[in-house]
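For chain A, the structure is supplied; the task is to place chains B and C on it using the hints.
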Amino acid sequence: MFLEFDEVTLRFSGLVALKGVSLTVNEGGIFAIIGPNGAGKSTMLNCLSRIYTPQQGAIRFLGENLLRVAPDRIKACGIGRSFQNMELFSKMTVEDNLLVGYHCALPSNPFSEAVGWYKARSREREARERVQRVLESLGIASYSRQTAGNLPYGIQKKVDVGRALMGDPRLLLLDEPAAGLNELETEELGHWISDIKRAMKTTVVMIEHDMNLVMSISDRIAVLDFGELIAVGTPVEIRQDERVIRAYLGQEA
Amino acid sequence: MLWQTILSGLAVGSLYALSAIGLVLIFKTSNIVNFAQGQMAMLSTFVAFQMLTRWGFPYWLAALASLVFALVFGFFVYIVFLSRLKRAEVLSQIILTLGLYLVFRGVAGVLWGNVPFTMPAAVSTNTVHIGSAVVTWYQLFIMIVTLLLMLVFYAMFRYTKTGLAMRAVSQNQQAARLMGVSLTRIYGATWAVSTALGAIAGLLIAPILFLSPSFMDSVAVKAFAAAVLGGFSSLPGAVLGGLVLGVMESVFGFYISTDLKSTFVFLLIIGILYVRPQGLFGTREVKKV
Amino acid sequence: MTSERNLRMARLLVVALAALAAPFVVMPLGSQMSYILDMSVIFCIVAVALNLLTGFSGQVSLGHAAFLMVGEYVSSLLTLNLNWSFWIALPLSAVVTGILGFLIGLPAVRLSGNFLAVATMGFSFAVPELALKWSGLTNGSSGLMPLRPALGSYVLGSDQAYYFLILACLVVQIIVIKNLLKSRTGRAFQAIRDSEIAAQSSGVRVGYNKALVFSISAGFTGIAGSLYAHYINFVSPNDFTVQDSFLFLAMIVVGGLASIPGSILGAIVINTINQLSSSFGQYSIILVGAVMVLAVLLFPKGLVSLRVPPHARKPRHSSRGSARVTREVESPDVP
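Chains as they are written, first to last, in UniProt numbering: chain A, 1 to 253; chain B, 1 to 289; chain C, 1 to 335.
Okay, chain A solo, but in the shape it has when bound:
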């Protein structure tokens, strides 16, 4: 099993954000999570990256229960993520943002770094080359030396994804990657998400509101409503599902 949510329940003082959600994601492909606002989509990703801890259930990734893994070890497990509001290191350069994404893969100790030993420097050089490759694949290599917070919105979104991609994660989590992008930018986004899946053999789990994008690139889709999983299936199946249509259009009383 690649990724498995097993009866995950999460409550915030009274409010039940996730109600016994069980879900399996197979390796390879693009898996989309959709649902109305407040359905618990971001909460699912936040449980995966250990920002929230569910009260019940387990999340297994390659057989390991992630709920027993410290939040800062998630990346080392092979899970990278992007954020809805990007959470860039806004005062650092684009290159440094991505280098932080490569943090776990860079073995080092503060002493050799402080003295500037050759070994520490050669590892740095290699890491910078990797950063350059990722930036090129996203088409933003020319921004490498600029401060991330000063860049246009669309570029910042790519920097966020680039940071998640560092260290070649086996699972990439994208939280509303198309939010705030125009039509053209969204189309381009669809292309490079597909590219990521193909070229890097990375499984993508994404939350997205843009239905055109979701329907065109996803292999499987899960639908959440009020913290409950109401449907899982291929885009064609989801489009025809009664409960999904009801959740989106609202139920007539």
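Keep in mind the hints are simulated off the structure, nothing from the lab. Heads up, a few of these hints could be off.
Unchecked claim - Below 20 Å or equal to it, Euclidean Cα-Cα: the simulated SDA-like pairs (lysine to any residue) are: (1) B:LYS28 / C:SER112; (2) C:LYS301 / B:ARG84; (3) B:LYS261 / C:ALA126; (4) C:LYS182 / C:MET9; (5) C:LYS301 / B:LEU91; (6) C:LYS133 / B:GLY253.
For chains B and C alone, kept in the frame of chain A given last:
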């Protein structure tokens, strides 16, 4: 004996609480920590002192003048200095208020010198017995004034239009502005009111401590600690923080050691914050990602 | 690229020459100027250390006055009571202060902003009280009298000779911090400042790194404390108070947050004004306060923003981009 210590701790704690409310009020509305608050209180107290002892006005008139001065002074400081820095880094605002702290301290030194004066008290300092404890009328007076002020304040916050606007601004500045609330006016009013609160604390504490340009320093620091202890965004928290701090100081000073009073008090604060990083009454801000 | 490099080299050369010539330039101006110069460089060390913590890692400290005093006492006690050489006591004062800084930094793992400021402020109150209380060790308010260090048989007795010792420490500190900031550890510090959540999701151990940067910052401040003690030759519990902690913060804000040249500029400006005006009594405080107020109002990004670094040229769309980003930050709920 324990009661005695606790009672005098509560009296000092009320003063911390008064200053702390001023700090929290400004922080809640404008997100600025006003480190000059103590010095502004000190200047206001000196205004009363000047009228009382040099010009011979009666106490109530001097106190009133001091409060009016504080209101105008607070508004003025906000409009002239802080309003220019709205979008700056939090640290820049802190340094700005620290700079003002130094300027005010220097000005008071130039005008009144650094020799401590005796400040007359509003009521007598004779003692009174409550059960087994002996307290002064003055300590009781301090606690009563503090309590009354808190009630007045609570009512104002709850039931007046300005109070409503202040609460709105502290929840969401943009929305409040769109609803027609003038931010500058509300911020100015907040600064005026909290400076006046500081001035009351100054007037109350000066007779105990002697009046000098540095007399509010220790109170200001403790008020800051009290506000933090309470959560820094909660008014009842600030009051409780002040009282807890006052009692802790008093008890530690009496039973353990006066020399290490601050050390113990701050150790305890660090301990409390370690268990509750958001303070006693603060709500933990959950960042949405 | 090469012109940028040349410009940098030229700038470095000018600064280096100025730093080397400074003690001889101020020597004819009298001993007070030499004293101010030496003290300024000691405070440069403190400011650079504090800026690593506050400017680069986003943690406020009002405890640096205490770290200075710990450095003072460790170095004085080692040289006076155990008769150890200054050259061993100096690094050891950094180690001891650094360990203490790590312990102080542990609560910092959970605290931030004002809460952290109060927790560290307590330390600035506690150390003088403890120094006074443990008079058996510290000699209480009568203080300790550590001596000027010697290189072989040559005692660094003159202000000029001692200046070069302080300057050497500052240079080593800057090199170490610059190396750190360019490496994995330093990037982790800055990442935590900008977004703790993203740093954590990128694999940065937030708690450990927060305590680590506290420790490094404290360690360097301990070195400054040791240098101060052996320069003034007198150590007492009143040497540094919370007010000094505030003054250190003022140095880095006036000079420029997250900037090493800014720290140095701020330390020199604030210390020089402070010392030069000290004979004017009350007017001195007014002057220092006014400088802080004006500097913040006129240069909100610090004095260092007057100098435009060559790589700061912004991309063309920057204004549009950043405007959108602020909107996005203010209302994260709006998709």
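Pair hint outcome, LYS133 (chain C) versus GLY253 (chain B) [Cα-Cα no greater than 20 Å]
holds, 14 Å
Regarding the pair LYS28 (chain B) and SER112 (chain C), is the alpha-carbon distance no greater than 20 Å?
Judged against 20 Å, a Cα distance of about 17 Å means the pair holds.
LYS182 (chain C) and MET9 (chain C) were given as a pair; does the straight-line alpha-carbon distance stay at or below 20 Å?
Distance ~18 Å between LYS182 (chain C) and MET9 (chain C) Cα, so the pair holds.
Is LYS301 (chain C) within 20 Å of ARG84 (chain B), Cα to Cα?
holds, 14 Å
Does ALA126 (chain C) lie within 20 Å of LYS261 (chain B) when you go C-alpha to C-alpha?
Distance of about 9 Å is within 20 Å: holds.
For the pair supplied as a hint, LYS301 (chain C) and LEU91 (chain B), confirm whether the alpha-carbon distance does not exceed 20 Å.
Holds. LYS301 (chain C) to LEU91 (chain B) sits at ~11 Å (cutoff 20 Å).
Hint compliance for this structure: no hint is broken.
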